[in-house]
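Visitor: Here is what each chain is made of, one letter per residue.
8 protein chains.
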Amino acid sequence: MKPDDLQALLEQVASGDTSVQTAQSQLAKLPFEDLGFARVDHHRHVRTGSPEVIYGPGKTAEQIASIVDAFFRTGQTAIVTRLDAEKAAAAQALLVEAKAAAQYEPVPRLLVAGEPLKAQGQGTIAVVCAGTSDLPVAEEAARTAELLGNTVERYTDVGVAGIHRLFAVKDKLQAASVLIVVAGMEGALPSVVKGLVPSPVVAVPTSVGFGASFGGISALLSMLNSCAPGMTAVNIDNGFGAGYAASLINRVGLQS
Amino acid sequence: MKPDDLQALLEQVASGDTSVQTAQSQLAKLPFEDLGFARVDHHRHVRTGSPEVIYGPGKTAEQIASIVDAFFRTGQTAIVTRLDAEKAAAAQALLVEAKAAAQYEPVPRLLVAGEPLKAQGQGTIAVVCAGTSDLPVAEEAARTAELLGNTVERYTDVGVAGIHRLFAVKDKLQAASVLIVVAGMEGALPSVVKGLVPSPVVAVPTSVGFGASFGGISALLSMLNSCAPGMTAVNIDNGFGAGYAASLINRVGLQS
Amino acid sequence: MKPDDLQALLEQVASGDTSVQTAQSQLAKLPFEDLGFARVDHHRHVRTGSPEVIYGPGKTAEQIASIVDAFFRTGQTAIVTRLDAEKAAAAQALLVEAKAAAQYEPVPRLLVAGEPLKAQGQGTIAVVCAGTSDLPVAEEAARTAELLGNTVERYTDVGVAGIHRLFAVKDKLQAASVLIVVAGMEGALPSVVKGLVPSPVVAVPTSVGFGASFGGISALLSMLNSCAPGMTAVNIDNGFGAGYAASLINRVGLQS
Amino acid sequence: MKPDDLQALLEQVASGDTSVQTAQSQLAKLPFEDLGFARVDHHRHVRTGSPEVIYGPGKTAEQIASIVDAFFRTGQTAIVTRLDAEKAAAAQALLVEAKAAAQYEPVPRLLVAGEPLKAQGQGTIAVVCAGTSDLPVAEEAARTAELLGNTVERYTDVGVAGIHRLFAVKDKLQAASVLIVVAGMEGALPSVVKGLVPSPVVAVPTSVGFGASFGGISALLSMLNSCAPGMTAVNIDNGFGAGYAASLINRVGLQS
Amino acid sequence: MKPDDLQALLEQVASGDTSVQTAQSQLAKLPFEDLGFARVDHHRHVRTGSPEVIYGPGKTAEQIASIVDAFFRTGQTAIVTRLDAEKAAAAQALLVEAKAAAQYEPVPRLLVAGEPLKAQGQGTIAVVCAGTSDLPVAEEAARTAELLGNTVERYTDVGVAGIHRLFAVKDKLQAASVLIVVAGMEGALPSVVKGLVPSPVVAVPTSVGFGASFGGISALLSMLNSCAPGMTAVNIDNGFGAGYAASLINRVGLQS
Amino acid sequence: MKPDDLQALLEQVASGDTSVQTAQSQLAKLPFEDLGFARVDHHRHVRTGSPEVIYGPGKTAEQIASIVDAFFRTGQTAIVTRLDAEKAAAAQALLVEAKAAAQYEPVPRLLVAGEPLKAQGQGTIAVVCAGTSDLPVAEEAARTAELLGNTVERYTDVGVAGIHRLFAVKDKLQAASVLIVVAGMEGALPSVVKGLVPSPVVAVPTSVGFGASFGGISALLSMLNSCAPGMTAVNIDNGFGAGYAASLINRVGLQS
Amino acid sequence: MKPDDLQALLEQVASGDTSVQTAQSQLAKLPFEDLGFARVDHHRHVRTGSPEVIYGPGKTAEQIASIVDAFFRTGQTAIVTRLDAEKAAAAQALLVEAKAAAQYEPVPRLLVAGEPLKAQGQGTIAVVCAGTSDLPVAEEAARTAELLGNTVERYTDVGVAGIHRLFAVKDKLQAASVLIVVAGMEGALPSVVKGLVPSPVVAVPTSVGFGASFGGISALLSMLNSCAPGMTAVNIDNGFGAGYAASLINRVGLQS
Amino acid sequence: MKPDDLQALLEQVASGDTSVQTAQSQLAKLPFEDLGFARVDHHRHVRTGSPEVIYGPGKTAEQIASIVDAFFRTGQTAIVTRLDAEKAAAAQALLVEAKAAAQYEPVPRLLVAGEPLKAQGQGTIAVVCAGTSDLPVAEEAARTAELLGNTVERYTDVGVAGIHRLFAVKDKLQAASVLIVVAGMEGALPSVVKGLVPSPVVAVPTSVGFGASFGGISALLSMLNSCAPGMTAVNIDNGFGAGYAASLINRVGLQS
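Protein sequences appear in the order of chains A, B, C, D, E, F, G and H. Just so we're aligned, residue 1 is where the first sequence starts under this note's numbering, counting upward by one. Just so we're aligned, residue 1 is where the second sequence starts under this note's numbering, counting upward by one. Just so we're aligned, residue 1 is where the third sequence starts under this note's numbering, counting upward by one. Just so we're aligned, residue 1 is where the fourth sequence starts under this note's numbering, counting upward by one. Just so we're aligned, residue 1 is where the fifth sequence starts under this note's numbering, counting upward by one. Just so we're aligned, residue 1 is where the sixth sequence starts under this note's numbering, counting upward by one. Just so we're aligned, residue 1 is where the seventh sequence starts under this note's numbering, counting upward by one. Just so we're aligned, residue 1 is where the eighth sequence starts under this note's numbering, counting upward by one.
Keep in mind that a hint or two might mislead.
Claimed, not checked - Far from chain D, some chain C residues (derived; all Cβ distances over 12 Å):
# : residue
1 : 73
2 : 95
3 : 97
4 : 103
5 : 106
6 : 153
7 : 238
8 : 246
Stated by the list, open to error - What follows is a set of in silico ranges between Cβ atoms, one per label pair, in the way DEER data are often shown:
#  : chain 1 : residue 1 : chain 2 : residue 2 : range
9  : H       : 174       : A       : 170       : 19 to 25 Å
10 : G       : 106       : E       : 74        : 36 to 42 Å
11 : G       : 169       : E       : 103       : 39 to 45 Å
12 : F       : 90        : B       : 118       : 56 to 62 Å
These aren't lab readings, by the way, just hints derived from the structure by calculation. Backbone N, C-alpha and C fix where the C-beta goes; we use that ideal spot for every residue, glycine too.
This is chain A alone, in the form it adopts within the complex (with noise of 0.2 Å):
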């Protein structure tokens, strides 16, 4: 159940043309259906605006089918993250209304059924990208950007080993109203980024690298200690989490 289906309902019981009981009926999975293994939650496209997303590892396919399905025949996008090619094949297979309607995208390790959001965000959220090897973090972001109802721009490869790359796209990046900036290694872009725009920037770390990179560690402390306020910072390789924080960000003011 959408927010607008919500609103909906409460006004057909405000102007008596359904009744209290009909709207109980209808409202009795709120806040959420118990599935035995999950509970699902409903209720949480009302209570925050976006879509219940579903974490993939851990799961398996059969949990996975359940849970999609369950959203999917309230009329709600289901979205399952960190989802392997081979899992995601096997819950598509056991997928029963939701069959059609779902995608799979293996770059950013997406599961997708139901229709992505309307465009909702003002403005562009620009997803930076330090090297080729951080791309399917920054695509993981970019796509849940996209499926949330943002306009998304791409902007891969400028590290700062090399920063006239990133100077190339300077105007545009100061155009952005987010910023989502992805980086593995030393992780200092994001500082660099911060200290050329004026709009937030969620920072991602992400594990690229090898030995004191500690699967990302460094790249986290860069982006927890950097020096250009603004900055915000999610999970190693929490591309996800990014471009879900950046679609709210990117709401502030609207309707919500």
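Once you have looked at the hints, place chains B, C, D, E, F, G and H on chain A.
Guide: Positioned in the frame of chain A, the structure of chains B, C, D, E, F, G and H alone reads:
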């Protein structure tokens, strides 16, 4: 030089009211002034929409006074962060031009010279705080956001151990356009709050705690690993950074 | 040899129904039996009130089968933990006396030979689980508690990101005599639950998560630093340990 | 307001001896009282069966005195933890209503206002301590348990380096209904004790040690990795938390 | 070249039975032989009293075979450590001179070419092991000590959770001249053993455990922080290092 | 475009032999070429005096082939690092223009297309290696330095446990103009070498070791904490970075 | 009670010179004496061959004085470690029986009451020290070994940065029966020394250093990962532990 | 004794102007002088081309004065590092021969006795500094390089948050023969600088920052993981080490 001033100057040049030579000499200090030990970034306000902020630790009172005066001379507001009371008093005594204008606020440990920005943000920024011991960091966030031109509401001591205290203010939290949630120890509060509200949350871990809180690492990790999407984090005890980022977020969609 | 058997034997000695010599030979295996590579602790049940539990990793199927048989021969229940399906099958094939009695449970990865203990605990143990991905650990805790003679109730997928799901079962949680709360990622659930219930909570961090969850460290630290007193923690992914401890707690005040 | 008081009030309402309006005004403070900087949780005692405990560090003496008075005014016992002697004296001087009742105990660093709870626990709680240097933490645990209505026995300086000292008190340890075992350095004592007793053990690592003890991390890890099941752990130096948890455990099976 | 050989050669030079020139050519390989990728240290046995040991990981089977042959050719015993079965077989197939003499021992993962040293140590070295899962490391220690000429006794599965198993062998442990104590998880066994015996203890942490055992860090820290003086530690899983050090310790006071 | 080519072009423009328009079109690709997923930095050679190096991990074979070709087309040498044999073969098969020129070197895991730089460095770079297991990293450093135009000498297996092997080559080490010293485990070799030579030492920690070597952290810390001044360090296993830095150092004072 | 005293007493019982009852009362204090806050282990000397040592930190001067007196009263030598000068003076003033006998040594921070043990060790213990800043820890080791009856030789400031200083004393080091090697910073010295000598080496990391020495972790890891077998390590700054262990090692093969 | 002196002496021996006996006595102090607590390395200057440097912390003022005098007596320059003002004054008062010559520099915390080396390096060493708070470390680097005979240029407060400040000095940075780049917090500056310049960069992390900067770890990791090759790193806050290494680098290709 504030953005409005720059725009006015350039329009005068365009209209012929100011000669190019005069404009050139006024802009001569851009992009920075070299004090010997510091290069004051007069251009930052133009470039990023926010005043320069001076990181207090490791600087002498003399250095702080010089930098504050340099900003004040050019009509800009200067904010010094993480300044203890003793060094603040010494710096205030040394100030020349900014002398009368400089106010020290002991709880958030900020020294401010110049006028706060005019209200720019849309809606309100809610600053939510897990416990009384987290108050100084929360206040640093709240005051920063206020100085940068935002309306701020404070919700103190609503930690998860007595969650009904949080639920009593749920409606107000849901009405905020951005939330800053401050917590030490296990740092669970931001996740719980984000589960309740539709707006973006900036999470601030504090060093409140002992033993395995490891000076705030426990709270920081909780916030980075939150299962509630739409939250981003700043460094431990970085109230200023959270207030600054929330201010930028609160202006998304405006004329910035 | 279970505690009842020992008491009976000693009473027979006291009453003269059994000679000291006979008792001595029956007790000869106490306190342990040396299998060469392992010293089977037949005395543990008498001493601690619970059966010996065999830690599966690092042992060969042959070693596991020998140890299980040694317990089974003396009328004791044996539980092997953290055993993958392949090694379990190999061990089952090698069992001699315990063969028919040995059951493998794949989700909690337990091999059990002998009868579960008779119901001993008072009230119920509630096993609460933050997300579907945490289920295997939660199930290891729940089954352990059941095998040790307790009534267990399960509450799955009630994480803090949709806290109304948790509140829907609040009354049941408040009625439990002990609670086991299982969570990965930021590990906030036990703090929230403990704030709601009067009974002791055993918190179990899981390795569910990625990046800065550091294999469960984030969740573990949250639980150790909880602001809600009355919670204690076990090792990451240690469902067995939590079930065992909860079982002991649930018997406090009984005939122990 | 203690649980008995609440029950009495509600029974008076049920019998008509108290009007709903009167009850309503008496219950008006529920669930908390807003002191501005703190929201006092008057409901906690009803909800969790134990009094609110105030975490001392990071609070001013003024804040502590206000909170203690707020509890005292409503007939509740207040316990302030981790309070150094100097701040305790300052707070005591500022107390208004709770003045005479407030006692400071320097070894466990507790400030207590109001009467200890009536004996509620069954059997005894044994507090076992590895070395003399661990005494302050052990005493914090012991006094907490006593204040919460339990009978406590102390066993000091029975570390594993001279294990015969521990064995000399083995029978008494086996008779306890719950054990709190406190150790720094290598933190081996709880494992050894748990191997000897049938009751649950709450392990408390201390920061006693130097070099690679890393402020208690070594002891904490030992306790989390114990090969003796039935043990759970609390945070480093968290004597209060252990005493509180042990008290809850000691009431399992009672009228809770 | 072993120490006895060197002494004999020098005495022949002194007595004139061997010319300086002849001795010179025999000693020409001292102190090492350059194989291109390795410099074989033929002098080590003379200098340190023990044969060279080759660290297996990271070396190809070809490199291992060449080094073993180089030692074997000069009459020295070569020991390769941490060698998996597959690479051992490949190396054995490639050996030329040392072919027949090379034995692979799968549990301690040692490849040995040449004769073990004659018994040199005084008394016995006791190898004590906390659990069956620790056996491979314990066996690496035991076999190393045996190959270096010591009498070794093994005590397996005597962990602290059932401490009576340890006490049953207390007299034998007290009779050993050196003890190697191997334990994973919380690593408490060496502290308990050292509290019981007068001889030096070499503690070996193992990576047995899960979660917060952090691959042996927990056990290692326990051993470094032991409250029982007279214990020293080696690296995690370093059974070889412990056996080697114990062997040197067992020869102190002899003619070395 | 190499530095010489740029200088020639500009001189032709200055002399009128090349029109500005022609020069402009030739320089059009500066400073980079956008391949969509990567921005090839054709300017780097001009700017930094060394060819671009492509970090292999996380890139597909297709991406690597495209980038290598882009460099090769403009007459530049391309080096791909940390490339495993399988992906190298796939990339080589996909190369178009650079096909014949691309060589893969399996030990240092480098793919090179184009000619090595002409000898530029002064004196020799000595690559010193503690053990045979460190050879791949040492070879990566040595080959990098050779490809960048330096004379390299290799000294293998001269670890500190048999320090006479190191002393045998002391004179040669003292004659080198720069030294790269590679070591895993305790990482002591660079300190000892630096104590013996007058030239700068670049230290490379390797991940060789086990247990508390923590994947090279132990060696890295040794090198950062060296008591022998004049040493600097690179990341764990970063042979390429050491070779590159040593090459730059070896050209200091030349015409660069 | 020292071992000789015990043997004498038992022989008197055997010969009838002492009645069982008399012996019993004399032995009554065994195995420990309960001072309330401490259980003095009078049996340790008999059991382990060395006097009890009291860990100073965290104990009050009163507690230290009581424990020292308890040992002194029964004819035993007491050693207090890690005692600062101020607390030592306070404890000395409070001593009753041990008053005259108690000596405080400020560099190694030891308080000693009673006579040092008679020379027991064979050969000499060499204490080798990397730098002048490591002297206090080295002296703690040296004095401990001397108090326990060993001949000690000191070699100071022979760090690896000027390795010829170490080589100048090589012959003396090779003649020692046990070596204690003390180093901070990169902690390379023990590896180099062990490569030169045939005897066992006890390595002591110190907290000397800054930045990434992390209070001695760097040196500790170097010692645990040494490529020179035959070395074992103790805790950071644990000079006492090293001296104690070396003393036990130096008595192996004697009448212990 | 400086290298020139040694060469002169040996030439006099070769020409017969100095007898072997005389030379022998002059060289007698080589390679070191034993002060009891320190072995002064008079040979270092000859061996490594740079004067001995004394690490200040952990040494008493008496020890420092003795060592400085020992160097000064033999005509060598002595530099004491990391010396606070108080101990410096005490040491200066105790100096005998070096008294007049010893200068203390408070910002870089260096005590220098003797003349700086004659200018030896080629070109200039640029010392670049991210913020005013990093100045003391930068100054330690700059002064060290100057004392060792190099021309140094300083660029202060050019951090990445206002990158135009850095670009304003780009040409000068590109002209330097070696660069030292000093930064705390996220430590991004060295990567950006290295991307702009052709010369080798020595990166110095500082402990400037708070929270998750972990005393400089964040900056250190950034520098080790830099994506800009040609950079090497030294320990946190090790300005001296950077200045020393840069000085050696600046002499490569000279007569060393």
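Visitor: Each hint: holds or not?
Guide: Hints, one by one, checked against the model:
1. 73: Label holds. Min Cβ-Cβ 23 Å, cutoff 12 Å.
2. 95: 23 Å, holds
3. 97: Residue 97/C is indeed farther than 12 Å from all Cβ atoms of chain D, at 25 Å.
4. 103: 20 Å, holds
5. 106: 22 Å, holds
6. 153: 16 Å, holds
7. 238: About 8 Å separates residue 238/C from the closest Cβ of chain D, which leaves it inside 12 Å; violated.
8. 246: 9 Å, violated
9. 174/H with 170/A: 19 to 25 Å: Hint holds: Cβ distance 21 Å, inside 19 to 25 Å.
10. 106/G with 74/E: 36 to 42 Å: 53 Å, violated
11. 169/G with 103/E: 39 to 45 Å: 41 Å, holds
12. 90/F with 118/B: 56 to 62 Å: Holds, since residue 90/F and residue 118/B (Cβ atoms, about 60 Å apart) stay within the stated range.
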